[in-house]
Every structure is written in C-alpha cells, then in structure tokens.
Amino acid sequence: MTSLSEGKIDLVTLGDTAPAAARERASLRRLGRVRWGLAAGFVLLLIVASAVFAPWIAPHDPLAVNIRHRLGPPAWMDGGVPAHPLGTDQVGRDLLSRMIYGGRVSLMVGICSVLMSASIGVLLGLTAGYFGGSLDWSIMTLVNVMLTFPFVLLALAVIAVLGPSLVNMIFVLGVAGWPIYARVVRAEAMAIREREFVLAGRALGMSHLRIIFRQILPNLTSAIVVIATLQVAQVIIAESFLSFLGLGIQPPTPAWGNMLGEGRLYMLNSWWIATFPGLAIFVTTLMINLMGNALRDWLDPHMKL
Amino acid sequence: MRCVIAFGLAMLVVLGAGLVPPAAAQTKDDTLVYALQSDVQNWDPPNSVLRESIILGYNVFDHLAARDLKTGKVGPSLALSWKNLDDTTWEVKLRPNVKFHDGTPFGAKDVKATFERVLNPENKLTARGNHAKIKSVEVVDDLTVRFKTDGPYPLFVERLTAQVMQSEKVIREKGHEWMQENPIGTGPYKLVRWNKKQEHFLQRNDDYWGPKPAFKYVRIRIIPEQATQIAELVSGGVDIIKAVPPDQMDVINKSGQARTVTSPILRTAMIQLDQAGRSGPNPMTDKRVRQAVNYATDMDGIIKHVLNGLADRTATTVNPMAFGYDPSIKPYKQDLAQAKKLLAEAGYPNGLEVGFMRGQPIVEPGLIQTSDAIVADLAKAGIRTKARMIGETGPFTNLVRDSKPDPMFEWSWGYYSIFDADAIFYDVMTCGQPYSYYCNKAFDDLVFQGRSTLDTKKRAEIYAKAQRMIHDDAAYLFKWGLRGVWGVSNRVDYDAPRDEVDRMWIVTPRKK
Amino acid sequence: MDRDAAEEVEISPRPGPLTLPSPQRERVRGGGPGRARAVMRRYIARQLVQFLVVILGISILAFAILHVLGDPVLLLLPQNAGKEEFERYRHLLGLDRPLYVQYWKFLSNAVVGNFGKSWYADTPAFRLVLERMPPTIYLTFAGLVVALLISLPLGILAALKRHSWVDNLCTTVAVAGQATPLFWLGIMMIIVFSVRLKLLPASGYDSWENFLMPSFCLGATLAPITMRLVRSGVIEVMNMDFIKTARAKGVAESRVVIKHAFRNACIPVITVIGLQFGQLLGGAIITETVFAWPGVATLTVESIRNQDFPVVQCAVILLALVIVSVNLIVDLAVAFIDPRIRTGA
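Chains as they are written, first to last, in our numbering: chain A, 3 to 307; chain B, 653 to 1164; chain C, 704 to 1048.
Derived from the structure by calculation, the hints contain no laboratory data.
Just to be clear, a hint being listed does not mean it is correct.
Heads up, incomplete: computed chain B residues facing chain C, CB under 7 Å, no partners named [said to hold, decoys possible]:
(1) Asp681
(2) Gln850
(3) Ile875
(4) Thr880
(5) Ala883
(6) Glu884
(7) Val886
(8) Gly889
(9) Gly1043
(10) Pro1047
(11) Ser1055
As the structure is a prediction and not an experimental result, all values here were calculated from the model.
Every residue gets a Cβ at the ideal spot worked out from N, C-alpha and C, and that includes glycine.
Can you make the complete structure from the sequences, with help from the hints?
Rendered as structure tokens:
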C-alpha cells in the first residue's frame, strides 16, 4: 500500500513539478501584488478623504498670513509648537493646512483632467477602431503627432497662450493626455469588431452606436480604468511641475507644486516648507502607481499595454 | 554587431551636428565671479533704467566724477576739477592721457558727444531726465569743457557721477544699434564676451589710468534663482552675490565658505499708487483711499519680522541718507479702524477690489514675503488686492513706462546713486515722467524750486515742505530704505557699497 | 505563451509601443541582394513620408495653439506697440484672410526659419532658439546614456534572474523611481552634492562636472520605465525557440545569453530608446529649469514669463522637429538591422 500511495504521491509530485508549481508561484505573486495594491489603495483613500474633508480637518486657514510666526519649525523640533504640527511657511501660514488644501487642488486637477482625457480618447479611439478607413487614418495621425510632443512641452505651449489658472491647467492636461487612450482603445476595438457576437449583432440590424456602447466598450473598461489610474499620477506630477515654475496654480492658493517652488529658497535652513509638499507628491504618486499596477494584475493580467 | 554599429552611428550623427560645449572656465585665481539675477537688455547705460546696467557700466566705463566710498564725497575721475563760472555755467577740466579701449584718446569732444546724444529727445534715452537741466556742452580745448545749464543747477557735481563717458568716434561711426552690444569705455575692465542671459566675460584693461584691478578676469554669471545663487556661493562657484534675503543670512554665515556684509543703501522701496490715473480710472485717485492704504499696513512689523530689522522705515520716498531728508516727519502708524473709516468716507463701506502688479525680488530682497504681508494687512481693512505677477524686470518696467500697470505696483528706486532728494522726486513723483504715477502741481513747483537754487539751506527747507506735502497726501504707500546685503566668498575682500554699485576693480583676494 | 511570460509584460504608464517587434535571426530569403535593396528603399520612402506628415501635423498644431487659442497679434507684438502697429501687423499676418491662407503664410515663413523677432531681446527668434539647442541636446543624450547604464544591466539581470530577490528589488526601485518628481530629485541632489559635500557645481555649463548631476537626474527618472521594457524584451527573447535550441545543443549559458539573446534583444531595446527620446526631452525640460542649464527649455520658460511668443512658438516647433527626426533615424537604424521590419511584418 505504502509503495502505491508513495507511487501515487511520487506521480503527483513528479507530474506537478514544472507547470503546476510555477502556476502556484505565479498566483502567490499576483496575490502579493494585489495586497500591496490594497494597502496603497487604503492610504490613497486617506489622502482623498483628507482632501475632501479639508475644511473640517485642516487646523488653520491655509491663507492666513501671520508674519510674527513665520518660518516656524515642525512641532517636534526646537522652537516648534503643537499648534503647527508641520511648521509654518515664509509668511506664517500653517504648513499642514496648506498641504491638505494643496492635496485638494492636485487631486482635483488629476481626476478632472483624466476624466477629460479618457472621454476624448475613448471616443476618438472607438471611432477610429470601429469605422476604420480615412477616419482611422486621420485620428491615428493626430495621435502620433501628439505622442511625439512630450507631455510637458505641449502643456507649456498651451499655458503660454492661455495663461496660468486652475481651469486652464485642467484643460491643458486633459487635452494633452487623450492620445494614449485612443491608441489602446482603437487596437482593442479593431480586434473586437471582428468577433462573432459583433457580427451577429450587425446581422440582427443593431445600429453602430449600440454595438459600440453595448458590445465593444464593456470589454475595454478594465484597460481604461488601469490607464486612467496610472495617468492620474502622471498628471499630478505634471501639474506640480507647472506650479513649481510659476505657470500653474498661482500663489497664494496652495498647491504642492507652488509650495515646493516657494520653499526652494528656504531649503538650507527652513527645509520643511519644501520638503513636506515634495514628500506628499512622492507618496501620492507612489500609492497611485502601486494601486494601478495591482488593479491591472487583478482585472486582467494578460493585458498588453 | 550590426546593432551596435547602427546605434553608434545614429548617436554620432546627432552629436556631431552640434557645437562642442564651451571650454572650461578660466582658472579660479585670476577670475572673480559675480552673480546677477537678471541680465541687462543692452550695454548702453544711458539707455537703461536697470540697476544692473548701472553696475556693469561702472566697470567698463568711467564717469567725470566719482564718489569716494569712505568719505561719501564726490571726487575727480575723468574730470580733474570743476568750478562754476557763474550761476549757469560750469567749467570742467579733464584728465589727460586717458584712452578708450579701442585706443582712441579721450577728450572734450567725447564729453560733448555723450551729453548731446543723451539730451537729444529724439534718441529717447532713459537718462535724459537726469541731465535735463544741461542746456549745452561746449568744447573749449581738448581738455576743457564748458556746460551751460538751464538756471542754477545744484546737482551738477553729483550728477557728474551718473553719466558714463562714451566715445565720440563710436557714436559717430558705429551708431546706436552697435552701441547696444559693444561698450567702448575708458574703464578698468573691457567686455570680451556677452552670452545673452547667461554670462558676461570681462578682461582687465591693462592701460587703465587708475588703480590696477587685482583680478585679471571677471565672470558675471546670470543666475535667476536666489536659491541657486546661495548654493553657488557656499559651494565656491561664485564670489559675490547681492540682494541676499535677510532670512538666508545665517545659511551663508554658517557655511564657513562665505560671509555676509551689510550696508544701508540709497534704494528706497514703495508701492506706487496711481494717483495720476495713468492706468485708467481707479480708486487710488482718491486721497482718502491712499491714506487708508497707508493706515492699514503695519510696516514696522514687517521690517521686524520679515526683514529681521534690516531696513529703515521712511515716512516718504526720501531715503535717510539723501540730502533733504526730514527726520521730523513721522511715518504712518497702523490703524485699521482709521483705515476703514476713511474707506467708508470715500464711498467704500464694504471695502474695495484693486489690481496689484507684483514682480520678482531682483533688487529688493524678501519682496514676495513683504508684499504677501502687505496684502494680508490690506485685506484686514477691506482692501482686496488682485495680484498680477510679472516674472521679469524688463517687462515690468516697460509696463510701468507705458502706462499699463495695475493701480498699485511695487517699485523701488536707487536714486542713480545720487544722494539727494531731487534724484527721486523728479523721476518718480513729478507729473509726466515715465516712471511717475503721482501728479501734483504744487509739488512739482517745489521740486523745480529745489533744483534751481544753489543755496543748500533753502533747498533743505523746500524739500522738507515737499515731504510733508506728499506724506499728508499719501502719495504712495511708503515702505522703507533698504539695507543691502551682499554674500561674499571668504577668498576675497569686499565691503558693502553704500551706493549699491559693485566695483569689481576694488575686490582683492584675501590674504591667507 | 505560458502564463509567466504573459504576466511579465507590464504597462508603461507613459505612451510607448503596443507590442515590441519580435526579433528573429533568420533573414528573409529569396530574391537576392537586389530585391533586398528595393525593399529597403521602399521602407525608407515610407518612413520619410510618415516623417513629413508628422512634421506637417506638428506645424498645424503649433499654428492652432497660437492662432486659434489666442489672438496672435496681441501675442506676437510687444505690449507697448501702438494701435497702428497692431493694425499693420494684423494685415501683415493676413488675419483678415481665411485660416488656411494664414497657415500657409506661417508655414512658408517657418520653412525658411522666419519665426519673427523676439521682441524682448530684439533678435530673430530662430537664432535665439538655435543658439540654445546644443546644451539641451547634449543633456538629453547624457541622460540617455545614464538611463541605459542603469537600466540595461539591471533590466537584463532582472530578466535572467526572474522572480528572485534581485528582480523584486529592481521592480521596487523602479516603482519608487517612477513616483519621484524629477524636479524634487534635482533640488535634493544640489543640496547634497553641491552645498553639503561641495563635490559638484550647483549650476552652470562649463565643464563635464556640470553634466553629472543633471544627466543623472534625467537618466534616473527614465531608467525605471526603460528597465521594465528591457526586462520584458529580454524575457520575450529568452523564451524564443532558438534559445531553447541553443541550450539543447549544449551551449554554455553565458554564451547563450551574450551571443544569442543579447544581440536579438538589442532591437526592441533600440526601438524603445528611440520612442523614449521624446520623454527624455520632456525630462530634459524639467531638469534644465532646476539646474539653470542654458538650454532651450529655460529659454522657453523665460519667454513664457515674458510673454515673448515668437520664441515660444519657435522653440516648441524646433524641439518637436528634433524628436521626430530622432524617431526617424531610430526607425531606419532598426530596419537596417532587422529586415523583417522593412516588409512590415
């Protein structure tokens, strides 16, 4: 009996060496990445919550100038006070409050412009992929042209003409970001439109619009969600760079980018003014990237993007 | 293999298409490195109102007279002596054996050509207002010049320090355009190279008539970011930087590589209020609004907390170091209640909105923070300002010159390094001047009286009266006289200049 | 393809290739050298046409930004120009004519290098931008070299030692690196290396020392994405049949890696590099502003602050031109190596 069971075990073990064990390792890895993603998502939720509930959470008015308490260090350092946990900036405004409100701006720009990019990009991509022909050619040429321009350059050019402001930023970043959606959506649309269920739909007399929105689009949602998530991070960095240059959100409205720009002069003595916003940008972007990667793994690891 | 070849070829093609990066800088020991935050627009000093132009001009050109930094008195430079033959005629004797950088000898004809060019209204040179009282310049002989003035001109001698001497040959043969980029002066250094917006390279004039500069080369680097300037200073990349913000002084002093030197300077800061209505109808044309603006702000607090005490509060636009300053006039003290009352009387019981044009801290350190504090104070009184930031000084001053700023805008004035109240009154506060947004006939009369008599006692009285007038009229939002802070590397010896002019030729290496 | 490989293909958040061209050692046989040359000629011709189309597209985009979004007269003339100047310029630019006529005027001027005068510096915009182009190009290439130095060895190592701690470390560092804002990294480096350690110059453009920090910043920011793409490319190659054949033949592992895998992995890597050049230039723009680098980017930012639009327009177009040209060169180089691409495979 033992030998048989041993043999059986041996067979099982032998048989499962390469593929099954590898598969198991792969699933564990996926699970690990998803766990990271969940943790990142949780932190992100905290950040978003703090931005949404800013007026209730922020200890002070982010615009309240108080020169008597300027350049105050964080609470744990010499000279710091608990009233200003992260210290005060160069005109005495509370840094923590400005960070929280700054998060609002960054997240708002990120989400709004990505929504804009996704809408434009998905629409154009579907059109190009489904209808093909000269429409496809012209849209894809536009995509290629826009992808040639670095994101930053395009944003700079348009801001130069429109002038810096919150609305212009959202517009610029939204317009600069759509090509990636178009390209991906088009490829998928082209692949799906040859599938049987679509052909069946055409045979049944379904209108183009119905086919696009009922049959093709649902298959793309995971791809779109993943790209959108990762693009929010990219947009946040782009917005902070523009604000850092003085071409984005204008002071005194707090934005992580312009706080970094203003605090740069103080890096050698009052380092907290620029360091915390920089950290905020880094952490937020990192969390979004981790969550985006995890989303992609979870939704469809076969995705080739 | 093909892969590598192809890649390598591609790289070579693109790389070869460019120029080679510039050669390494001159050895450090013979080169003095000076940093400027913003570049000049031209090398023609009479054609610029920028402080940078004045500084660069001093190093490449000479003036007829020069200020002794230790005594503060005006002494000879290209002119050896001067005297007034009568109330409206001055005779100036020139220094012999002086040559321009191109070898041409300097003489009376150059003085005449320089002044005539500046005074000609068609040339539209910004320095014209400085010398408007000079009617004509005559050559008596090669080393003697006679000036005729329009009435008595008390500032004649002072103003001799404010006009560089340019070559008659260059003016006649090369013309205005050429002169914008090619300065031919008699000064201690000559311009070797100008990479616009990047750097200037000066070389010692070994035929200079005056004291020989210690450093053979001067490299003037344009470094727009103050943070970078300070980083360069403490890491040894730059020897002298100016306009250091007071809250960064400890960084420099603790670095062990450099130190700060301070001095009160003539530069006076203010916020111009458009009383004259040049930018269009606006609330600042009303005296009560202007007074409210002055009552709303706590200038003493700002000086103490933002500038760490490094400024001298002024009751008007006249600097304490300038002739004619009246210390008996007390500056406005913060009184928010009074401010609100005045606004209500003027018809703004709920406050008002007004545009505020702001710039970069190029010559006025801490400008952004002090203006932020002012904006906050004004808001407490109900005056809500809408800021318009202009990134560079050139466009900023152009907007002011062309009547296109906001009704409030930041302004400071270096007096062209002339220690006299007239040097600010005329250009910045009389009717019709390009950089003046105040127009008051009674005040204008006082200014013209002040510059038309040689009696110093009388002038002092006139100027006292003028100051009281503009103080009570709250002509502008008055701020303070600046204290200049320079960052100086420990490898050189340099004292802070009271007239805000950095003289490269007096900088010497520190003895070990 | 087994699931492991499927997993490893990751998304690039930045725009990149959809798929990497598959390398193969076999040449397209048949037809002889004449046919091969004809195929190559056709490919080059196709690429050139595409190049011209994209350039035209860029010019239209640049034109649209200036002339459609804003009032070009207001933008192109100095602010203190009088009313008559405005009218004269409006007529000169042909703004009373239809849009395509305006575009034609703009294009015909641009082709000869006439982008107007920078009213702030009173010199032709084209000359200003051209003068500042070399430092930007040098910086971009230096950044590319650094990115390659970091990403090639790490990417290959990670691909070969898949799922080991080396791989995980590389991936972690890559993710962290992608999240770091470039301008933040630059500022920190200046503080550490210039101010505290006094090892490197804080700014300027004099000697090779000035290149170190900016190119490292630039390369370090692009390295994560490049590393992941290299890793994917190498993994794909390592799974190819000819590798298995070589192994089965008993070829030593190191030889397999170096001679067979690496050479074939070159192609996707070069393609990736070429496509990343645009991103590199974008990164160079950011790097320049932090290090006061005298390049086109700092000129552009200054010109935006000065509202000096002729310079901004010229800079944007010339930069785009550089990117498109580099893409073209890379495409041609890759086609030179891998004949399958010429036939559109």
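Status of each hint after checking the structure:
A least Cβ separation of about 16 Å between Asp681 of chain B and chain C goes past the 7 Å threshold, and the interface hint is therefore violated. The beta carbon of Gln850 of chain B comes within 5 Å of a beta carbon in chain C, closer than 7 Å, and the hint placing it at the interface holds. For Ile875 of chain B, the interface hint holds, since its Cβ comes within 7 Å of a Cβ in chain C; the closest pair sits about 6 Å apart. A cut of 7 Å between beta carbons decides the hint on Thr880 of chain B: the least distance to chain C is about 5 Å, and the hint holds.
A cut of 7 Å between beta carbons decides the hint on Ala883 of chain B: the least distance to chain C is about 4 Å, and the hint holds. Annotation: Glu884 of chain B was flagged as interfacial toward chain C, and the flag holds, the nearest CB pair being 5 Å apart, inside 7 Å. The beta carbon of Val886 of chain B is positioned within 7 Å of a beta carbon in chain C (closest approach about 6 Å), and the interface hint is therefore held. The beta carbon of Gly889 of chain B comes within 5 Å of a beta carbon in chain C, closer than 7 Å, and the hint placing it at the interface holds.
Look at Gly1043 of chain B: its Cβ gets to within about 3 Å of chain C, closer than 7 Å, so that hint holds up. Interface hint status for Pro1047 of chain B: upheld, as the beta-carbon distance to the closest one in chain C is roughly 5 Å, under 7 Å. At about 9 Å, the closest approach between the beta carbon of Ser1055 of chain B and any beta carbon in chain C exceeds 7 Å, and the interface hint on this residue is violated.
The earlier numbered hints that this structure contradicts are 1 and 11.
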